[in-house]
Structures are given as structure tokens and as C-alpha cells.
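Visitor: Chain by chain, the residues run as shown.
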Amino acid sequence: MMLAAAAAFAVIMAKINEIVGPRRETDEKVTTYESGMEPVRTARERFSVKYYMVAVLFILFDIEIVFLYPWAVSFRQLGLHGFVVMFVFMFVLLVGFVYVWRKGALEWD
Amino acid sequence: MNTYLTDILQSGALMITTITGIVLLLVEANRRGRPATSFALAIVGLLAAGMTALIQMPAHGTGFSGMVQTGGFASFFAALFAVAGAMTIALSRSYLARIGWFRGEYAILTVFAVVGMMLIAASNDLIILFLGVELMSVCLYVLAGLARVRDRSNEAALKYFLLGAFATGFLLYGIALIYGAVGSTNFEAISAAFPAISAHIMFLAGAGLVVVGLSFKVSAVPFHMWAPDVYEGAPTTVSALMSTAAKAAAFSGFLVLFVRTFHFVGAGLNTVLAVIAAASMILGNVVAIAQTNIKRMLAYSSIAHAGYMLAGVAAANAIGLMGVAFYLVAYAFMNIGAFAVVSMVEDDHEQHLTLDDYAGLSKQRPLVAALMAVFMFALAGVPPFAGFFGKYYVFLAAVEGKMTWLAIVGVLTSLISAYYYLRIVVLMYFRDGAADVAAKPSVLTMVTVVLAALLVLQLGITPSVVVQAAQRFF
Amino acid sequence: MIAYTPLLVLFPLAGFLFLGLAGPRLRNEKLIGIIGSGMVGLSFALALGILMQMLGSAPEERKAVVELFPWISSFTGTMGSFSVSVAYQIDQLSILMTLIVTGVGFLIHVYSIGYMHGDRGFWRFFSYLNLFIFAMLNLVLADNFLLMFLGWEGVGLCSYLLIGFWYEKKFTGDAAKKAFVVNRIGDFGFILAMLLIFVTFGSLRFDTVFAAASILSPGRTVMVWITLLLFLGATGKSAQIPLYVWLPDAMAGPTPVSALIHAATMVTAGVYMIARCSLLYALAPVSLEVVASVGAATAVFAATIGLVQNDIKKVLAYSTISQLGYMFLAMGVAAFGAGIFHLMTHAFFKALLFLGSGAVIHAMHEEQDIQKMGGLKKHLPVTYWTFVVGAVAIAGIPPFAGFFSKDEILWKAFSSDFGSWVLWLLGALGAVMTAFYMGRLVFLTFEGKERFGHDLHPHEAPKTMTVPLMILAVLSAVGGFLGVPKSLLGSNAIEHWLEPIFDPANHKLLITEHDIVWSEYVLMAVSVAIAAGGIYVAWVMYLKRTGMADRLAARFSRIHRVLLNKYYVDEIYDASVVNPIVTISDEYLWKGVDTTIIDGSINGSARGIGAIGSALRRIQTGVAQSYAVVFVGGIVLVVGWLLLQSH
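Protein chains in written order, with the working numbering: chain A, 33 to 141; chain B, 659 to 1132; chain C, 316 to 962.
It is possible that some hints are incorrect.
Facing chain C, a subset of chain B residues (Cβ under 10 Å, in silico) [stated by the list, open to error]: (1) His718; (2) Thr720; (3) Phe722; (4) Thr826; (5) Leu830; (6) Ile833; (7) Ala854; (8) Ile934; (9) Asn943; (10) Val944; (11) Phe1132.
Quick list of simulated restraints, FRET-style, between CB atoms [as the list claims (entries may be wrong)]: (12) B:Ala834 x A:Leu138: 35 to 43 Å; (13) B:Tyr831 x A:Ala36: 17 to 25 Å; (14) B:Thr1012 x A:Val130: 21 to 29 Å; (15) A:Met122 x B:Leu663: 30 to 38 Å; (16) A:Val116 x B:Asn688: 42 to 50 Å; (17) B:Leu1112 x C:Val884: 43 to 51 Å.
Only some residues are given here: those of chain C computed to face chain B with a beta carbon under 7 Å [as the list claims (entries may be wrong)]: (18) Pro385; (19) Trp481; (20) His769; (21) Gly923; (22) Ile927; (23) Gly928; (24) Ser929; (25) Val938; (26) Ala939; (27) Val945; (28) Phe946; (29) Gln960.
If you're looking for bench data, these hints aren't it; they were derived computationally from the structure.
Quick caveat: nothing in here was measured; it's all calculated off a predicted structure.
Ideal Cβ placement from N, Cα and C applies to all residues, glycine included.
Extracted from the complex, chain A is given alone in its bound form (with noise of 0.2 Å):
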């Protein structure tokens, strides 16, 4: 019951907003938003594979300091146990990062 009130509720919502809306549609506002980019253009066009590679990384690391933050709020709560485990997180993610830059992960060119 609740979940076909919530649902028609949203339909309902999307509708009038349809309806009442005022619309003036120019070429800038139907285009799909992408962050600033060009929305339609050849799909043939190709990345550097190294652009995915950094990409990668990027998420990698930065989920590490998301993990970091956390850590650091609670730091005198956890004490040397909590210490020893991000050491452990952050060797392991060394070990990754060296063997990325020795395999020249990072190198652009």
C-alpha cells in the first residue's frame, strides 16, 4: 500500500511538473548535461590507455585517504591497535603504489 501510494506519489509529481512547467527549449537546454563536455560526438573517438590507468589509480589512492579521515577523527579512541592496522593498510597499499611505479604505471610517456 505504502509502496504504490510512494510510487504513484512520484509519478504524479513528475507529471504535473510536465504539465505546469513553463517550456522554452533552446539547443543548449535539450542537450543532455555532461559536466561541461560535448554530449554527441563520434563514439570511434579513443582514449590513451594511460588516461584510464591514471583514472584508476587516482580512485584507488583516493579511497585511501577517504579511509584516512575516519582514522584520523578517532585516533586517540584507537590507540596504538588502530595505529598498527593503518600501518598494515597503508604498507600494503605502498607494496601496490611501488610495483606501479616500477612497472611505469605512471610515466605519460
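Given chain A, put chains B and C in place with the hints provided.
Guide: Below, chains B and C without anything else, positioned relative to chain A:
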């Protein structure tokens, strides 16, 4: 601090494997490190982990704040994964060198995949289960695409990855729903919440989605579609790993979650599993008959075997638990052996993979043909090989679990399966042909395959070794 | 020592595996022979050691079960309680059987080194022989019915392999097939009995079954069925009426095989099995009567055929069937100890006779017809004297081994609560014929004029063959002293030794020991007299007045022809069982049912399944999107169905 150390020591196998993986990364990072070193280190590390697991089997416990369990079930499967991983690495040594993909990364990825598998079997928490599944899967995605200039290998990796990601989404959603229903991800908490939540709509949906996620990993119908394409495209030894250890890992997830934690109380879960099992047995065996490529045939056979084992899971009793564990061990050795022979016959350019390429193999290579015959008989479930007792136990479990119809389907489809397994034997022994191995198999390869065959025979004669271990799983 | 029991079995297994795998590469006959015999010799030595230890301990401590590994085990559930171990049981009976099997087996192995010399399949022969010993020891040492059955089937397989050893000849293959098929009929009985035992007692372990059986009282129908089905198995393996027909044909195998498998050991498996299950038989007195009647009938029936056979090995084959009949007669009158005693002495003298005949055949260049022999005494002195010892022993002349064991059986057949004068009379009739045909065999083969060509120069066999003959001759001569009855101031050591095994059965049957009575001496005298009489008649007919045998044959030509053709039993079986089955299978089942209906439906279903497979294969498009669609369909089904289950 002290408990932390205890935790590490208790999960010895897991730790040794992880450290092996890290060391391998460093070796590989060293530009002078050669792949052969990595392979040797990986085998040694995995065997050490396997030994540790066997030693630690009698000690039961939980570690890391109740996130993992140690000893018993976890150790049993850790040993299986370690040995299976070591065997595939040993088999890959000359095979990969031959097809030109002898890279240290292969060993690293295999070792980390094994870490993931061990995490699944050791999981005492849905989060750890998920972590293990993902760690294992990601490694396997990459392994499937290892031979990256081959179209099929690329296709296999991409398909496996796309569908795998798809399945992972459902698995995670299922976990979230279960958490929503129970309020905890810990198995003991979930187990304690029974039977109150067993008919809870959110729990059932969650459990259903977990079934879907794990069924994908074990390649059960209708979530099996990836298996033939991936097994065919991936390098043969990778297929061996995927069809044995990875499948066993997913099954250990099934066992620990469904048989141990959920008890199937009052839910239709076992019916769902039984139907999936029956569908897998029927479809796997029937379609396998129509295959001409041996890797695809083995892929469908693998689907069928997933069905047999799911029958044991669906029975949800002690015999089922033991039977599936036995079946997994037996299946690991016989299927690794079968894929190993395939990798020997296969040439360097993905040729010699049809069934007809086995005609007359016994003339040129009597030992290889005899080994293949052993594995085929074992897969068909002919005594005295291990496959017989595997089937015996899961069908017995099905009968005890009041699912006689499932056992009947199992026996009938086994009958069908004999046709395509024995066809290989017939081709090898009674047809003229010039089948031969592509290159003289290395000593390491032969030793591994012979070992697999001996284990298949040993388990068929003394099945009680596994049975006794299974009696002290939890 | 007892802890090493599994080694008894493992030595021959190791020999088999080694010879089987490395045999073709071993060019050295001596080495193969030493390994093959050595493994059996080791087992024999170990068995002797175990016997010594048993002799040194109290009777109640003489039983032990050594478990090698649990074989088929299950959780204790409602149905899953079926569990069987590979475990070996040492007790008075099994150690005796082990000693016979390994001891006689060892001698025959050594003999074979000489007999099989130069044969192309030398290594194959020894690996099969070792496999046979392995299987036979499993049979006698097993502590449960299933392992015993494994041994039972194993010896059957070895028998098949060894009868057809010279596989180039068609008749050896036919004989092997016949042995196998006839044995299968018996084995079927064994399997059914085993199922019934499991259903009745919930276990297949001897200890468990017999413990449960010991508190039952006689007269339950199921016990009759179990024992009769077991006996059906025994008639197959031990060549009794109606399944004896394979044994004479089995003589197609090499002579050491006839000695080892078809005289001394394998064919006594049925006797051993009944002795082992004596308690079960005690619960079904009806079955005992059946066993006794079949045994007595076989003893006489086979002996009559043996009277006129001309093939030296055929005579011995019928004699074996007849002697096995005596053992079953003993079992049937609940004289279990006497039966096992005769089993032992028979192993000695029948192995001796077969090996002797092998030496003769060897010397005569594969000639087996005794009508074409004669006068071999001076060419083959060792063979002659040892053969005579064997013949006298089987005929029952004191103090040779056969006298004591056979006399014990005859006395028990007469005096036991389950015996009767009819059974005794049949036994005595068999005994006189035994004496006659053994006399005939000796006289025609070794005495009288030489009836073979002059280009033939028979010569004595080599030492590896004669030494086993001499050892067996000694055993045949003195083996009987193990069982000298009380009436002859003996202690009947062997029956005393076996008492703990048969006590439960004897208690059930309320059998008590009799005092010595005068009639025992009378019967003893009678049996000595008929043995001597039989030999004398043979002497008269075949040496004194040589034409007499032919005249008698002409006078009673009809009977003679019937006997010579073995009562036409093979022909009767062919006409009544084999041919109808063949015709029905050929004309109706094969051409009618099989090719059209079964093949049709199988091929049809195979094609059907293949077609379904090909059709289903098309679903596998290779397009990942369609896979995802199927995947989602699966999810909808699974989750949807589960949601329907919630309330």
C-alpha cells in the same frame, strides 16, 4: 594487541597466502625478477598455506571481532583452494610459456584470487563474504583476459566482467536487504534471528538475491550464460581455476550461508535451490552433448556439476554439507586434470580444441590418454573414482532431505552425461587418428596431472578421509 | 604381530602392482618368479608369526580386528547409517585359511617358475597369481560381508583371467566365460543375501550381525532365505550341484592355476563362507538340511563321472567337485570343524595331485589323455611317489591326511543330530568310488605298459617343480595328525582350535559332544575297507586283467556312455536354459525388443536429447545483453516466487 596476534595466527593460511601475494608483487616490481621465480614462490607459498590450513583444521574459533571463523570448515576449504591454486599454477608454467603469456602477474593474480576464496569460506559476516567474492572475481576477470591479443580472451574477460558486475550488484543488494531485515551482517546474529525473520518479505527478497549472486558464481542455470563463452575464451589453465577453485569458493559461500546460517527454516529457499539444481543438471548435460569444442563441453559439464552440488545444498542436511564438500574436492581434482590434458593437446594458436582432435590419442600418448580416461570416468561418476562417491553423497542427501525427485533427476542426467564423457574415451581409444600433444609435456605438468589422477583414485577408495573432516566442520 | 595384519594383504597387492606395471620390462624370469613367490612367502611368514602369537595367548584373546581405513561411511542418519570399513579380522578360522592360502599358494608359485618357464606371458601369469592371492586374502580376512564380497568377486575375476590365460585358444576363452557366467548366478544370490542381511540386522559387519543373530531363536523365514541365498553363492563358487558345470571346463587354464584356484583355495570359499556364517545357518536348520543333501548328492554324482574320464585333469576336477561335496556335507550336518579340517587336508593332497599331473603333462608334452600314458613310474620317480601319496591320502587310507578328515565327516554324517544313515551311505559310496578312480588314475598313468610313442622321452621335472611336490607330499602324509579323533587317542587339535568360532552355532543347535561309542570303530573299519577295496578293484581292472575295463564298458555301454558324457548335464543345460535364453534373446529380445524398441527409443531419445541440446545451444547467442536478459528473467522468477512465500 594480543588478540590481534592470535587472530593472525589463527587464520594462518589466509595470512600466508596474503603475504605470498605481497611478496610476489615486490618480486614482480623488481625489474630483474623473472616469472619463473614468481611461479615457484607462488607454489611454495600456496602449499605452505595449504599445510597450515590442514594443521589448523581441528581448532575452531572466530577472529577479527567475529568477522571470520577459523579452523574446521574455513581451514578445510582454505586447504582445497590453496592446493587447487598451486596445481593450476604448476600446470600453467609450461602452457603459458608455450602460448607466449608467461608473466609473473599470472601467479600474483592467482594467489590473490585464492585469498578471496579463502575469505569466502572463512566469512562469518556478510561483508567479509562480499569482500571475498569481489577479490576473487576481480582477479579472475583479469586472468580471463590475460592473453590480451586474443579476441576470445578479450571477449571472455569483458563478458565475465560485465555480467559479473551485474551479479555483484544483486548480491550486494541482497546483502543490504538481509541487513535491513536482521539489523546485522554477522552470521551469528542472523542465525539467532531465526526463525522469526524467516518469512519476512525483506529477508526473503534479500536471500533470493544472494542466491542469484552466488548462483552466478557457480554458473547455475539460468545464471550460467557466461560460463561457456568465458571458459572457452580464457586461457585453458585459467578455465581450470575458474571451474574448480572459484566454483568451490562460491559453494563454500552457499554452505556457510544457507546450510549453516539460514537453516532454511520455513522458507521456500530450498525449493528455489532445488529447481535451480534440477535446471542446471538438465540443461548442462543436455547441451554438453551438442558441443564440439572440448572446452565448451567441459563448461557445460561444469554447469551440470554445479547442479549436482546444488542438490546437496538444497537438501540442507548434514549429509548434504558433507557431500557437497566431498564433491568439491573430488571435482576440483578431476576437472583440473581434465583441463590440464586439454591444455597439453591444445596448440599455440587455440587450435586442437575440438573433440575430434582426441581421436587416437592413446596410440601416440598412452599415459596422457589413460589419465584423461581416468578423469572422464571420474566425471561420469564411475566407481572406483572419486566422482562416484560425490554423487552418491549428494543424492543420498537429497533423498534424506525428502527431495527424491531431485535425486532421480540427478541419476537420469548422470546417465546422459556418461554419453559425452565416454565419447572422449571412445575417441581416444577406439578411433583412428593422429591426435597428439602439442609439445612434450614438462615434468612439472605431468607430475601435477598424475598427482590429480592419484588423488581422484585415492578419494574414490577412501572417501572417509573427507567425510571425517566434514563431521567437524562447525 | 597382529597389528601387521594388513600387510598380509598388501604384500601380494604390491607384487601384483609391481609385476603388472614393470613386468613387461623385466626380461628376467628368475627375478619375476622370485618377486611373485616372495611376496606370497612374506605373507605366509607373517601369518605364521601371527599364529605363533595366537598360540601364545589365551583362546579368548585370539580374535582381533585391524581396521585399515573406513571405506564407505556416512553420518548417522535414518538411511545414512550404512558404513563399512576396510578392516581385517584375525581369528582361529581366518588365520587357518590364511595359512592354507599363502602356504599352498607359495608352493604353487614356486612350482610355476618351472612350469611356466619360457611362456610369453610369464610376468602376466605371476601378476595375476599375486592378484588372486590378494583377493583371496581379502575374502578370508574381511571383517564384513561387503569386503568379503569384494574378495569373492576378485577371485572370480582372477579365475576368469587365469582360465583364459592362453587367450589365443578359443576353448580357453569359452571356458573362462562359462566360469564367469555361472559364477555370476551364484554371486547374484550372495548379493541378495547381503541386502537381506543389511535389512535384517542393519549392518554388514560380522561382529554386529552375529551378535544380533545370537539372540534370535531359530525358525525365522528370513534366516532361511538369507542362508539359502548365501548357499546359492557357495554352489557357484564351490562348484556344487547345480552350478558345478564350470569347474571341469576351467581345467583349460594352466595346471598351477587348476591347483591353486580350482582345487586348493578359491573353490573352498563357499565352504569358508558357510563356516563363517555357521551361526546364521544354525538359525535355519532347514537350510542345513539342504546343504547336507546337495553336498552328499554332489559327492556321489561327481565321483561317478570321475570313474570313466580319460583326461587326467578332468578326473581330478570331478574329484574336486566330489570332495567339495564332502565339505558341504560336513557343514550340513553341523560338523563345521570337520568340514574345515577336510578343506585343509584337501588343499594339501589335491594341490599335490594337480601339480603332479602338471609334471606328467609337462613330461608328456601337453598330452592329457591317460589312455595314452602308462609306465611313467620309471621316468618320473619323484612325481610318481608324491602322486601316490596324494592318491592314497584322498582315497582315505590311514594314516594319511584324507583318512582322518573324511572319516570324521562320515562319522558325523552318521552320528550327528542332523545326519542320517542315508547321508552316511552316500558318503561311503562316494568314498569307494574315490578310491577306485584314484587307483585307476595312478595305474593307468604310471603303471603297466607304455602306451605312448617311442619318439617321446619323458623326463623328470626341474627342482622348482619337484620340491613343492615333495613338501606337499609330506603335508598330505602327516597333515591328518592335526585332527586325530579322541577315539584314536588323539586330541583332535584342529577342531579344538576352531571351537570358539563354532561354539555359538553349536549352542544354538544344542549340539553336545558324544562319548566314544563302538559304532564309531565299526564305521572307521568300514571306511578303511572300502578305500582299500576301491583301490583293489582298480588294480584288478587296470593292471591284473587289463581287458576287463573295456569288457565292462561294453557290457554296460549305456551307463558308460552316460557317465562319459557327464550325464549330458551340459547338453541339458544348453537345451533347457542356455538355448532358450539365447533364442529368446536373439530372436525376440535382440531383434524384436532391443533393436526396434529399446535401440529405437534410446537412439530416439539420444537423438532427441541431441536435438534439444542443439536447440538450446541457440539460446547461447554470444551477445552479452541477451545473457543479461536471461539473468534478469531468472531473478524475477527466484525473487518473485520467494516473495509469494512470505506472509
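Visitor: Of all the hints given earlier, name the ones this structure violates by number, lowest first.
Guide: 1, 2, 3, 4, 5, 6, 7, 11, 14, 15, 16, 19, 20, 21, 25
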